[in-house]
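Visitor: Listed below are the residues making up each chain.
There are 2 protein chains.
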Amino acid sequence: MSQQTRNQIIRAAEVLFARKGYAATSVREITEAAGVNIAAVNYHFGSKENLLIEILDRVVSPVNAERLKLLDELEAQDTPSVEDVLSAFLFPDLRILDELRRRDPELPRFVSRMYSEGSEFMSRVKGHQFGEIQDRFLAAFGNVLPHLNREEIEWRLHCVVGIVLYLFAGVDVPGVGSLAGPDPERTLTRLLNVSSPMMSAPLPVRED
Amino acid sequence: MSQQTRNQIIRAAEVLFARKGYAATSVREITEAAGVNIAAVNYHFGSKENLLIEILDRVVSPVNAERLKLLDELEAQDTPSVEDVLSAFLFPDLRILDELRRRDPELPRFVSRMYSEGSEFMSRVKGHQFGEIQDRFLAAFGNVLPHLNREEIEWRLHCVVGIVLYLFAGVDVPGVGSLAGPDPERTLTRLLNVSSPMMSAPLPVRED
DNA sequence: ATCCGAATCAAACATATGTTTTAAACAAAC
DNA sequence: GTTTGTTTAAAACATATGTTTGATTCGGAT
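Chains as they are written, first to last, in our numbering: chain U, 1 to 208; chain Z, 1 to 208.
The hints are simulated quantities; they were obtained by calculation from the structure and are not laboratory data.
Small disclaimer: the values here were computed from a predicted structure and weren't measured.
Misleading hints may appear alongside valid ones.
Intra- or inter-copy, both count: the list cannot distinguish identical chains.
[Stated by the list, open to error] The calculated BS3-like cross-link candidates involving lysine-lysine, where the alpha carbons are at most 25 Å apart (straight line), are: (1) K20 with K69; (2) K20 with K126; (3) K126 with K69; (4) K48 with K69; (5) K48 with K126.
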């Protein structure tokens, strides 16, 4: 079966994209690392760009699906707390972060890179992937944070996203450990512990 | 004077690096946008990589210098608050963010890109640039947050950095405005309003 | 006016890039 | 055993890349 070649390419490309970025990684590097022929990428994926899209999709789609499932469960039963909604938003990320890191320590950077490196077309992919997520969670946060307007909630949620992306990026300033510790449970606890007061903080008093 | 050619190259390269990333931007694009000869980059800067270093330095150094100056002033007088230290950390970023945005709306992304796109050698640059900053501010936060150990403070400060980087990255998910509004003062207010409770939050109770 | 170093230019260099091609190898079905 | 469709292989393709060269232009000091 040729599925093996596909997977080898994907595995090699993920790590290289994470380590060097999409633009700086050549098809030759990918195929050599994967131990397959140079033409395999174009044969199996059509183009280097398609390969990127497929890789991105494979990692992002399950995460967002899990997010929506958790939120559904949350809203099905009783009235959730801020921590509950935050947890539904953050937990899938930490799960995939841990999974990626087990596969390769540098792999999580792939996610954060795609957000910075993204070109025009990558923006469309993101909009498609995260449109529903955003709507659903903004509504959910609106219910548990009635003292904040939608625009403020949106702004703060983006702060959370910023932290999460930094989590995936890891830290490469020497002498500093990563934001994400070895224990995902503990990282979630810490994340909730700081992001919850951040989301819940009262509006500043406007002095006009 | 040839200083003009240098500046034209820098200005063009900044925007292109911000828009497309370093690796995806060619020297030809830069020189064409700058209206100078193709050889000018190598003549004036030695290499494309040197050009990047110089650009990065010109934007990061003043910011960190201002940070240290504000912190010095703060520690010279009376006992500062969490907001004070946070403000000294964040204000220079917002100033440069505003300045960059005035020059070109896409320019701020340059900063965030350099953090994700960075290769091995870029890591050394960062370590050199931010080593002192980190030490000084960790100590300052340690004084105003006596209930937190150094490791926790470091972790939370990195959360703040994550938010700031997202600030510079802007948001390119369609239908969503940027984290940084048009008014830097207001952005600082909002930032302090959420990051202050985040930094000050009590430690979670460990249930062992 | 002349000279000299600095700056610009067009052209070429060597190499790396993503992709395509053509043929060979392979596996399964008949 | 032959045939059919799919996968791999080596080579070539066309182009884009960062950089260098050598001639030319320019500006200010002698």
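Visitor: Could you work out which earlier hints the structure fails to respect and list their numbers in ascending sequence?
Guide: 1, 4
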